[in-house]
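Kindly generate the complete structure, drawing on both the sequences and the hints.
Sequence lines, in order, name chains A and B.
Using our numbering, the first residue of the first sequence is number 52, and each one after it goes up by one.
Using our numbering, the first residue of the second sequence is number 671, and each one after it goes up by one.
Since the hints were derived computationally from the structure, they do not count as laboratory data.
One or more hints might be untrue.
Taking CB as the label site, the calculated pair distances span [what the hints assert, rightly or not]:
| id | chain 1 | residue 1 | chain 2 | residue 2 | range |
| --- | --- | --- | --- | --- | --- |
| 1 | B | 1274 | A | 299 | 39 to 45 Å |
| 2 | B | 1304 | A | 58 | 56 to 62 Å |
| 3 | A | 227 | B | 1263 | 57 to 63 Å |
| 4 | B | 1274 | A | 55 | 48 to 54 Å |
| 5 | B | 876 | A | 363 | 36 to 42 Å |
| 6 | B | 1100 | A | 102 | 53 to 59 Å |
It should be emphasised that the depicted structure is a prediction, and the values quoted were computed from it without experimental measurement.
No residue lacks a Cβ here, since even glycine has one placed at the ideal position from N, Cα and C.
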Amino acid sequence: MDAESAIFGLIQGAALLFLSPLVIGIVRKCKATFQSRRGASIIQPYYELAKQFSKGQVISRQASWIFRVAPYVCMTCVVLAVTMIPVFITASFDYFGNILVLVSLMAMYRFFMALSALDTGSSFGGMGSSREVMISAIMEPTMFLSIFAMAAITQTTFLSGIAEAIQSQASNLLHPSLYLAFFAFFIVMLGENARFPFDNPTTHLELTMVHEAMILEYSGKSLGLMEYSSWTKLTIFLALLVNMFFPWGIATSISLWGIVSGICAFLGKIIVLAIVIALLESSISKFRLFKLPALSWIAFCLAFMAVILSFL
Amino acid sequence: MLSGVLFAGAIFIALAGAVVSAVLDARPAACRKVSFLLAAIASCFGMASAITVFAGDIMNITIFVTPSLGTFSFGTYSIAMDGLAAFFVMVISLLTLIVSIYSLDYVESYQGVYSMGLMGCLWNLFFVTMALVIVANNAMLFIIAWECMSLVSFFLVIYERNKKESLMAGLVYVIMTHVGTAFIIISFIIMASISGSFDFASFTTPAFHAALTPGVKAVLFIMLFIGFSVKAGVVPLHVWLPLAHPEAPSNVSALMSGVMIKTPVFMLIRVTFSFLGIGAGDAWWGIVIIVIGSLSAIIGVLYANVEQDMKRLLAYHSVENIGIIFIGLGTSILFQSLGQPLIATLALVGTLYHVLSHAIFKGLLFMGAGSIQHSTHTKNVEELGGLAKLMPRTSVFYFFGVMSITALPPFNGFVSEWLIFQSLMISVTLLVAPVIQVFIMVAIAILAISGGLAIACFVHTYGVTFLAMPRTEHARNAKEAPRLMQWGMGVLAVGCLATGLASFVLIPVFGGAAMAYTGSGALTSGLSWFFMVPIVPGFTGFSPAMVLLAMVIVMPIIYGVSRVAGGKQKVEIADTWDCGTPLNARNEYTATAYSNPINKVFTRIFRPKPRVETTPSASLYIFKEKKYTANEKELVIENRFYVPLVQNVVKFARKIRGMQSGSIRNYLLYIFATLMVLLIIFR
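This is the structure in C-alpha cells:
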C-alpha cells in the first residue's frame, strides 16, 4: 500500500478498461472461425461502443430514477474493481480492501442491473432479472470457497498478495487445490458473465435470454455503458482467473524486463482463455435453466475439494 | 457515577411516560405526543449514560438488598454497565429514540381505534425493561426484567386486538418465549446453587468456575443456549417470529426486530465468556452456535424469498441476520476456546457490528414497510408497485436500508458481514483441526449463498413495491408518509451509510468492549486515518470510506465522459416496449414469478404442492375445466415438528384431565401425597 501500487493500480485498471472490448472481439472472432464464418473484425466492439454513444436514447415513461442511474453505478463498480486487479505486476490498488470488496462490488453491479430490469415494467426485464439473481446466488458459495482455498494456500486475501505468493514460490504452482479452485472459478466466471452454458450472449429469444433481457429497454449511451461494463466484468473475471490462479510471468518487482514479460504473459493467457470460451460456446449448447443447479453443484464440489486439499 | 445518574434519569422518565400516557388515555392526541416524546427523551438519557461509560465512567448501583430467609437470599439487586452493556444500551436507546419520533406520526392512524394510553404506556415500559435486561446484575432481577420484557412485547404484539391473527401470533409468541424463560430460570437456579448467590458477580469468580464440572457446564450451556435462542428466533425456534412481526404495529416490529431479539445475543456473550468461561474443551459450543446460525441464515433467507407479505419477509430476514450474528458469535467462541483471543475479539467485533447494523437497517426497513402500509393499507407486495414516484422520499430511504441488508459497500451491512467473513477466513493461518475447518467452510459457503439470496430477495421486493407501475388502486392512491415518519426513516438511512463509513472509529470502540470479555490485546495494529489493518496483515484491511470516496469521484467522471463522448444525445421519453398489447401493470413480473426459479431450485426445502382441480364443464365445447393452484411452500418445521408436538401435548393433557375431578377431597389427597413424597426425599 504505497504510491507505487496506487500508480500501478490505476495504470493496470486503465489498461483493462481499454482492453475489454478487444477481449470480446477476440472471443467473437474465434467463435466465428470455429463455426466456419468469417466474423467481424476483433475491434468491432469499439465501433459498437462508438455507435451506441452517438445514438439517441429512449427512456421508459414507467421507469424511475433507478433506471437512469443504474448504468453509471454499474460502470462505477467495474471501474473501481479493475484497479484492484494485478495485471502485469503484483501491485494493485489495495486501498479499498481485499478480494471480498471486489466480490461485493460485483454484487452491487448485479444488484443495480437486476433492479433496473424491473424498473420498466416489462415482463422480459423481470424474467431476465429473476434468472440472473438465481444463477448468481447459487454460484456465490463456489466463488467464496475458491477464494478461501486461495487464501489457505497463500495466507492472504489481497489480490496482489495472492499473485505474489504463488508467483514467488514455484511449489505453489503444483498445488492440486489450485487447479480445482481454478476450474470451480471458471464455472463461476461462465455463470456470472452470462456465457454458455448458463446463457447465450447472442440470443434475443424471449424465453431463453437472461442478461440480454435485463438490458432490453436500454438504448443509446445508457446501453453503451451497460454493455461496456458487462464486457469489462468479463475481463475482470478472466484477469482474476489468470492472475489469481496462474500468475505465470507476472512481475513481482519493478523492472522493465519484468513488466514487458508480464504484459506479454497476461495477453497470452487472456487470449488462451478467450479461445477456450469460444471453443466451449461452439461445442456445447445452453443448458436448460433448471439443469444449472447441477453444474453449480459440480463447481461447488470442486471448490470444496480445493479447500480440503489446501489443508493437507 | 454520572452514567448511573443518567441511566436512572432514563428509567424514571420512561416510567413517568408510562404513567402519564395511562392517565391521558381519554385524550389520545395529547397522550400520543407526550408518551412518545418522553420515550424519546428517556432514550436520549440512555444514550448519554452509554457514552459516559464508553468514556471511562463506571456504573454499579445497588438498588436494594433482598432480605434473607434463613440461609437463603436472592442477593443484592444491582445494576451495572460495562463496555459491552453500554454498547447494547446505546443500540436500544438509539433505535427507541428514532422509532419514537417516527411513531409520533405513525401511531396517529390508531387513534380512535385502539387505546392510545395503552400504546404509550407499553412503549415506555418496553424501553425500560429492555434497558434493565441489559444492566441487571443479579439473576433474579434479570429474570424479572426479562419476563416483563416478554410480557410487554406480547401485549404490543396483540395491540391490534380485534384481529384474530394478532391474537394467534401473540399466543404462539408468549408460549414459546416462556418455554425459553423456563430454561433460563432453571439454569440460573443451578448456577446460583453452585455459587451460593444470585448475584451475577458471583458467577464470574474463579471459585465458581472451579466448582463447575465439565458435565454441569455442558448442560448449563445447552439449556441457556436453548433458552436465549427462543428469544433470538433462530431456526428451529424461530416459528413465533414470522407470526409476531407482521401482526404487530410497524413501530413495534421495528423495535422488536431491531433490538429486542439482540438482547439474547448480549446474554449469550455474557454467559459463555464470563459466567461459564470458555475452556480448551469447549470448542463444540462454537460449532453448535455456528451450525444453528448457518441453519438460520439459509432457512431465513430462503423463506423470505418466497414471501409476499412485506413485513413477514422482513421477519424472515431477521431470522437470517440473527443467524449471521450467531455465526459471528460462534466463531468468536470457537477461537477463544482454541486459544486465539485476538481472532475471537475480531469475530466478536463483527458480531457486535452486525448487531448494530441490523438494528439500524431492520429498524429502517420495518419503518418503511409501516409507511407503505400507512399510505396504501396493504402489506402484500403483489398489490403495490410504482411507489418510487408516489412516495419518493420513502423509496430513497428504503433503498438505503436495502443496500445495507444486501451487504453492498460501503454500507454498514457490508462492514459487519465482511468482518465475520474475515474472522472465518483467518482460520487458514492457524493449525485448526480438519473437522472444525469443515464447519468453517460450510459456514462460509452458507454466508455466501445467503448473501446472494438476500440480493435476489430484495431486488424483487424493492422492484415489485417501488418500481414500474402501480398494480392496484391501493398503490395508485399512495401518498408520501407524514413528516416525522420521514424524519425517522431519514435519520436511519443516513445511519446506514454513516456507520459503514465510520468503521475505522467504531471498530476500536467495539474492540474495547469485546476485549474485556476475550482478554486479548488491542485489535488494531495499524490505524491510519481511514484505512485499517487489524491483526493478521495479509487478511484484514479495508476502507468503506475509501470505496465511497472513489465512487463519488469516479461516477461524475463517467457521467461527464459519457456526456461528451459521441456528442450531444437526443433523449426521448416513451412507453416501455409492449409487444403490441396495451401496456399495463399486468405486464409486470410479479413477486411470485420472480422468486419462482429459486423456489424450483430449492424444491427439496420448499416442497411446493401443485394441485389440479378438474370439474366437469357445462359448456358443450369444453369437457372439463381444469383449475391449477399451487401452494408455494410447506412450512416444514412448523408442520413436521410443532404441529405434532402441540397435538401430543393436548392429547396428554386430555388424558390426565381425569385428575382434575373438582372434588376437594381428591385435591387434599394430592397435597398430602406430594407432601409425603417431599418429606421422604428431603427430610
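Query - Earlier hints that do not hold, by number - result: 3
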